[in-house]
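Generate the whole structure from the sequences, applying the supplied hints.
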Amino acid sequence: MQSKFLKIGLFLSVSFVFSCAKTQTDVPVENNDYKPTPYVLQIPAGFPEYNVLSIANPLTVEGIALGKSLYSDPILSTNGKSCITCHQPANSFSRPFYFAPNGYTISVPPHLNLAFKKNYNWEGSQLSLDTLAMGDFGPDIFNSDSAILYAALTSHPFYKDAFYKAFLIKDIYSLSFIQLQKKIAYSIAQYLRTKVSINSKYDQLQLGTARFTDEEWEGYNIFFTEKGDCFHCHQPPLFSDNEFHNNGVSATFEGFDAGRWLITNNKADLGKFATPTLRNLGFTAPYMHDGRFKTLEEVVEFYNSGVNYSPTIDPISSKKAPHYKLNLSTQQKASLVAFLKTLTDDSYVK
Amino acid sequence: MTTVTEILPYFIHLWLYKIKGMNHKIKYLFLAVTFSTIISCSKTETTVVEPSVPKGFLNIQLLHEVDGKALIYDTILYRNKANNFYSVSRVNYYITNVKLWGKNNNDYLFDSIMFIDASLNAINLNLSRVPVGNYHSISFNIGIDAARNIHNAIPNNPENISMLWPDVMGGGYHFLKLEGKYLDSLNNEKGIAIHIGLNASLVLQNPIIKDMSILENKTTNLSLAMNLNEWFTNPYTFDFNKDGNYTMGDSTAMNFIKNNGNDVFYAK
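Here the protein sequences come in this chain order: L and A.
Take 98 as the starting number for the first sequence in our numbering and just add one per residue.
Take 25 as the starting number for the second sequence in our numbering and just add one per residue.
Some hints here could point you the wrong way.
[Unchecked claim] Think about it this way: if two alpha-carbon atoms lie no more than 27 Å apart in a straight line, the pair counts; the simulated BS3-like pairs of lysine-lysine are:
#, chain 1, residue 1, chain 2, residue 2
1, L, K165, L, K280
2, L, K422, L, K324
3, L, K430, L, K298
4, L, K132, L, K280
5, A, K266, L, K422
6, L, K391, L, K298
7, L, K391, L, K447
8, A, K105, L, K417
9, A, K105, L, K416
10, L, K178, L, K257
11, A, K266, L, K416
12, L, K447, L, K178
13, L, K279, L, K292
14, A, K93, L, K364
15, L, K391, L, K430
16, A, K93, A, K105
17, A, K127, A, K242
18, L, K165, L, K178
19, A, K266, L, K417
20, L, K132, L, K279
21, A, K266, L, K324
[What the hints assert, rightly or not] Cβ-Cβ distance ranges computed for the label pairs, FRET-style:
#, chain 1, residue 1, chain 2, residue 2, range
22, L, G235, A, R172, 47 to 55 Å
23, L, N296, A, A106, 43 to 51 Å
24, A, Y260, L, A187, 50 to 58 Å
Treat the hints as calculated values from the structure; they're not laboratory data.
Virtual Cβ for every residue (Gly too), placed ideally from N, Cα, C.
Set out below in structure tokens:
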């Protein structure tokens with residue numbers, strides 16, 4: 098009896114796979130009129146259009162589908178890793194720590210609202226979303242093998258036609274390995290452009306569909322006035338100003354703490370990092386570039402007790418030198434945390 | 025050319041103000057007349073053909089300096105009238121309502137909002153379609169007029185996204201961000217954040233220029249320089265130790281800066 102059910106189950110599964118495969122492979126390969134389907138990204142009000150449009154890599158339904166599949170597929174690696182290894186959905190597509198081979202400890206930035214950013218990674222090492230994933234094929238992350246990857250993609254029921262559907266590439270073997278990596282990165286960039294988070298309680302408040310508690314309002318007022326002075330760097334709607342600042346988290350700069358200087362070698366950039374978005378920070382602990390603070394309460398206490406002076410500290414963080422302190426009461430600190438939690442979009446991680 | 029859509033907010037504001045307190049009959053009559061007028065204005069606007077006045081170009085080069093020397097960032101090199109030694113790390117501001125004053129009543133308004141980041145190598149405001157003629161002066165605002173100084177009235181881009189002025193502090197946009205460091209009376213290095221915003225802080229500029237001519241299809245060049253020390257001088261000697269090293273939320277300090285700022289630009 099059990100065997101009979103297993104056979105039926107197997108038959109249905111295989112039928113399903115074949116039916117799916119047929120759908121997936123229903124590509125008008127011989128049809129010269131075929132073009133990928135353009136996709137128009139809906140841009141939330143007030144969001145800056147920066148990396149939304151790419152002439153080299155226009156958004157298409159098929160490109161997004163390919164990128165979405167590759168994002169979570171270890172097919173790209175020889176070690177079982179995929180993008181979601183470091184960009185875990187439950188953490189708003191971030192990860193608490195990444196221990197880089199060079200010894201740096203990095204709190205992995207979340208993947209959300211990337212279409213509206215000016216640069217990527219804490220130190221701004223990447224300017225283009227289109228090629229952001231290009232750095233992942235090396236031995237430190239995917240350790241990709243060209244022969245294995247070509248073979249795996251061409252024999253895969255979805256991917257073997259997906260590159261034609263997305264990019265009109267009939268034979269991926271016609272691409273060099275770098276060209277193939279680029280197309281993969283392009284498709285992942287297309288998918289990431291569609292990852293928009295705009296459904297936090299704060300957003301709902303703007304739409305009039307949610308109400309703040311008294312504590313959240315108090316936190317809002319601290320955040321958006323000189324009392325807390327958070328807004329100068331964490332400007333809505335992104336809750337980031339897309340710039341680099343030394344917020345006083347370190348007094349000296351060893352290793353990754355050097356921040357933007359690692360890219361520019363300009364001493365004025367020592368200790369500066371890209372302002373992280375505060376959206377979804379309920380899912381992105383720990384905090385700061387190296388994840389030194391485990392909780393939001395610790396972050397608020399850091400600003401409250403006084404930041405570290407260094408020559409490149411931001412003017413906003415050093416207005417009340419030598420140690421810029423917020424001097425908030427216990428209740429005010431709790432209120433600020435309560436407001437920060439309203440920036441969390443639960444629907445984004447489901 | 026100023027269009028109906030540009031001036032409509034002013035009319036709506038005025039209309040809302042006017043109908044306050046009217047009795048119902050007068051209110052409906054006023055409403056009917058107002059909308060008839062608007063419709064007729066719209067019609068007039070849409071049928072008006074721009075006079076075929078020959079046009080030329082004006083290129084305004086913006087320079088940033090301190091007492092005649094080109095601005096150098098991030099080094100405490102400068103001294104203001106109050107003997108505060110300071111550095112500059114950021115100069116961002118908006119320029120609006122550039123107006124050329126004609127010698128024959130041929131004034132020309134370039135109705136655009138321009139975000140300026142002084143750290144860029146070359147800053148040129150290119151005004152196209154300027155009517156040919158002779159002009160004796162230029163005026164513009166540092167800041168944004170009240171009708172457009174409203175949250176999200178201007179499209180955000182990565183450059184100007186840090187200019188929002190929180191609603192809880194009055195809303196709109198920062199008109200000016202001048203940031204850097206200074207040495208306080210104990211020789212501590214402190215941040216300075218000279219920010220102005222809110223409608224009362226609009227800074228009118230009317231730098232003295234030589235008469236200039238706009239010729240058909242030709243570009244006329246004009247260089248204007250902002251002397252940063254003027255923000256802290258004349259009529260009020262602004263002292264970071266006494267008057268504060270940050271101004272946001274301090275209407276007195278913002279007013280000093282606003283009044284000092286009326287002559288920050290001069291023609292080179």
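Numbers of unmet hints, in rising order: none
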